[in-house]
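J.: Kindly produce the complete structure, drawing on both the sequences and the hints.
Sequences listed follow chains A and B, in order. Per this note's numbering, the first sequence runs over residues 1 to 418. Per this note's numbering, the second sequence runs over residues 1 to 370.
For the record, the hints were derived by calculation from the structure and aren't laboratory data. Just so we're clear, the structure is a prediction, and the values are computed from it rather than from any experiment. Every residue gets a Cβ at the ideal spot worked out from N, C-alpha and C, and that includes glycine. Some hints here could point you the wrong way.
What the hints assert, rightly or not - Below, a list of computed lysine to aspartate or glutamate pairs in the EDC-like style, where the Cα atoms sit at most 20 Å apart: (1) B:214 / A:205; (2) A:321 / B:85; (3) A:321 / B:39; (4) B:262 / B:314; (5) A:410 / A:379; (6) A:316 / B:44; (7) A:202 / B:85; (8) A:306 / A:293; (9) A:316 / A:301; (10) A:316 / B:43; (11) A:321 / B:187; (12) A:7 / A:380; (13) B:214 / B:39; (14) B:214 / A:344; (15) A:321 / A:301; (16) A:321 / B:43; (17) A:321 / A:205; (18) A:7 / A:182.
What the hints assert, rightly or not - Derived Cβ-Cβ restraints for the label pairs, each shown as a range: (19) A:154 / B:42: 52 to 58 Å; (20) B:216 / A:154: 41 to 47 Å; (21) A:373 / B:168: 55 to 61 Å; (22) A:209 / B:57: 36 to 42 Å; (23) B:107 / A:298: 41 to 47 Å; (24) A:311 / B:190: 33 to 39 Å; (25) A:311 / B:216: 34 to 40 Å; (26) B:168 / A:258: 49 to 55 Å; (27) B:42 / A:405: 50 to 56 Å; (28) B:260 / A:258: 52 to 58 Å; (29) B:264 / A:212: 54 to 60 Å.
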Amino acid sequence: MSPSTSKPMLVVGAGIAGITTALEAAEAGQEVVLVEREASVGGRVLRNHQYFPKMCPPACGMEINTRRMEKNPRLRVLTRTQLESAERTGATWRVSLRRSPEYVTAACTACGDCSKACPVSVPDAFNLGLGKVPAIRIPHVDAWPRRFVLAPREACPSGCRLCADACKVAGAIVLDAKETHEQVEVSSIVVATGWAPYRMEKLPELGGGVLADVIANVHMERLAAPGGPTGGKIVRPSDGAVPKRVAFVQCAGSRDVNHLPYCSAVCCMASLKQAMYVREQIPDAAITVYYIDRRTPGRNEAMLEKLAAANVQLVKGKVGKVQQGSGGALVMHVEDVEAGRLLDVEADLVVLATGMEPRLGGGELPLPIVRDGDGFALDDRAARLFAAGVARRPEDVAASVRDATGTAAKAVSSARSV
Amino acid sequence: MASATTIKPARGFRSELARRGAADAARCFQCATCSAVCDLTTDDAAFPRRQMLWAQWGLVDRLVADPSIWLCHQCNDCSTRCPRDAKPGDALQTIRALMVEEVGAPRFLARLVGKASVTWPLLLGVPILLWAVLIYATTGFAMPQGPLIYGEVVPHHLIYLVFMPSFAFATVAAIVGARRYWNAWGDGGTRSGSLLQGLTGVISDILLHKRFEKCGAALPRRFGHIALFWGFIGALITTSLVVIAMYGFGAELPMPQTHPLKILGNISAVLLIVGAVSLVANRVTNAASGTSRAYDNFFLVLVIGVALTGTGAEVARYVLPASLAVALYVVHLGVVLSLFLTFPYSKFAHAMYRTLAMAHQRMAVQRRAP
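T.: Right under this line is the structure:
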């Protein structure tokens, strides 16, 4: 059977794993439908300032991928789209997709007139709620498709039409757009729904959600990124001051039976990388990483030398408590294991290296996913239901791309074995 | 490798640790959360992270040289937060029991009490049986006419004959154990000042249970422990004063229920029972209080036994047939004897070792002070 006559495969989630799976399969001749619930693709990776080990911004890698997507006739990318239901009969999955209303259409030129006219501010979803944006705006500077988004629609004042009135492009803004549904038949499904950061509010003893100057690693990415809420300037949230003492608390909620029992795999490298962000911006800052084990496998090991050269301290010992100190400082209570001493250390900014939770959520994803003991998805070859990226296991960008490539091969071969 | 340290793991220690209820200590991955969340640990000799490592490796020589395990009150804040559920609070509790066995003299008795899970019928039964045999040999359990007076069935000289040597033995054994342990903790180089100074320095802390106040997860235990502690002190004072009253002032036994010493004794008994019951209730209902082992429970059973059989015998004199009342009294004497004889080896020994460790800590801090 030739590939073109087989049914398409469905990839759920257009983060780096989903995009890679979809592209690899499409470039191998497979018809692919890639769905993404957000208005633009790129997922968590695009929310990083830089990624290790090469310390490059994710936008350039993403640009290569978007160009591949634009060029490929076998790939259909549906943003604002969620899986509504999925039912398998033999070798066929009958899938129902729900697309949220297309308030801003493909006619949009991303000129920005609507944003200027918009009277409402909403939390900036791309920047994890740090900072506010108009209800109608470009999701972020590298958004693909390059089109504005109106969300959440409920934030609009009743009867407000200011954006539509300001828009000079006919048919670009349709305020009464409706939700649409689409049925497709696919040969296999790849779950690439990725992860959610473990909520730091679950770590009140470490100041998570309690102390303003305790942030999570995902927030640090946004603080350091030029497109972030501070324009790329690392400051402490409470007063906007430049922190002179920055501490990273590793395994914040990971490798912990009271939270996530597994190692989230990326937090060590993420913190070491973020320590470099701080060093570059604040040359005289005291930077300390408190860890249980330094997990820098393979060529990531080289990062340790860079950090030593950058005078970043690494202290073995998990922080037990973070409390408000005097003069706006935070106080961390920790045992320096190698010295065998208990320390009360002050810091201006504490970054919790929170881990990854698989995002396979209950009702959100109506698929009979087989999970491993930690809640991550397993491949179910018989059901032609596969996993890619962090939906399968915690891993970094490079590993996620490798995994996604493998998944593409598995899914394509299963699609052709009808 | 001039700086190499040779370690001497004790091979059986880990399995003994597991057998005595601290198997989960093997899960510890040395993250040090426990030391960081402990409100009782000292800055320069942090616990329990190091002790967990020594226990995993079976480094008995390091554990025995470490007084800080006795500064732990098993609050279990560490166990609550432990990311591996290795239960450091429970582990230290077991390590303390093993150290009591380690320094206990003579060793076979320490082992016997250490294995209370198996040997408890012996530890309780032999003293009770001993009393029964001795009383049978002395008075043949001849019940006197008229109101029951225990002194007529169990002559006072028999009581002295048994308790005085037992008390002397327990005291000597306790001192030998304490000396061994004290010396293992350090010599003149690690402490300064006299032991007496050290002890007077910690006395108010002990009487008021000040350290216990810092306990988080297991704070409810403090109330029970205070009641039990003062019940003991009260019982001790009562006993001493009764002896003085008898031989110094010719007081007759039994004293009337209105006698101040009788009242003091009864208050002490009530405190003992309230304390012990509260501690048992806490063990049963409060998961954060940690796991109970036979070794710990044995001591608690003795305390409850002493208080219940004591007050029971007191009441039985009026309400039960003489033979039953005497039987209860014999059980009471047996349990008290068991409590005395096992003091240097049972959990009761914590009264001695914890006090010494607190004194040591004080003297060590003094030594380091500029």
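J.: All hints are to be evaluated individually against the structure, with a verdict given for each.
T.: Okay, the hints, checked on the actual structure:
no., hint, verdict
1, B:214 / A:205, "holds (17 Å)"
2, A:321 / B:85, "holds (18 Å)"
3, A:321 / B:39, "holds (11 Å)"
4, B:262 / B:314, "holds (10 Å)"
5, A:410 / A:379, "holds (9 Å)"
6, A:316 / B:44, "holds (16 Å)"
7, A:202 / B:85, "holds (18 Å)"
8, A:306 / A:293, "holds (18 Å)"
9, A:316 / A:301, "holds (17 Å)"
10, A:316 / B:43, "holds (16 Å)"
11, A:321 / B:187, "violated (35 Å)"
12, A:7 / A:380, "holds (19 Å)"
13, B:214 / B:39, "holds (6 Å)"
14, B:214 / A:344, "holds (18 Å)"
15, A:321 / A:301, "violated (29 Å)"
16, A:321 / B:43, "holds (15 Å)"
17, A:321 / A:205, "holds (5 Å)"
18, A:7 / A:182, "holds (16 Å)"
19, A:154 / B:42: 52 to 58 Å, "holds (56 Å)"
20, B:216 / A:154: 41 to 47 Å, "holds (44 Å)"
21, A:373 / B:168: 55 to 61 Å, "holds (60 Å)"
22, A:209 / B:57: 36 to 42 Å, "holds (39 Å)"
23, B:107 / A:298: 41 to 47 Å, "violated (53 Å)"
24, A:311 / B:190: 33 to 39 Å, "holds (37 Å)"
25, A:311 / B:216: 34 to 40 Å, "holds (37 Å)"
26, B:168 / A:258: 49 to 55 Å, "holds (51 Å)"
27, B:42 / A:405: 50 to 56 Å, "holds (54 Å)"
28, B:260 / A:258: 52 to 58 Å, "holds (54 Å)"
29, B:264 / A:212: 54 to 60 Å, "holds (58 Å)"
Consistency with the previously given hints fails for numbers 11, 15, 23, ordered from lowest to highest.
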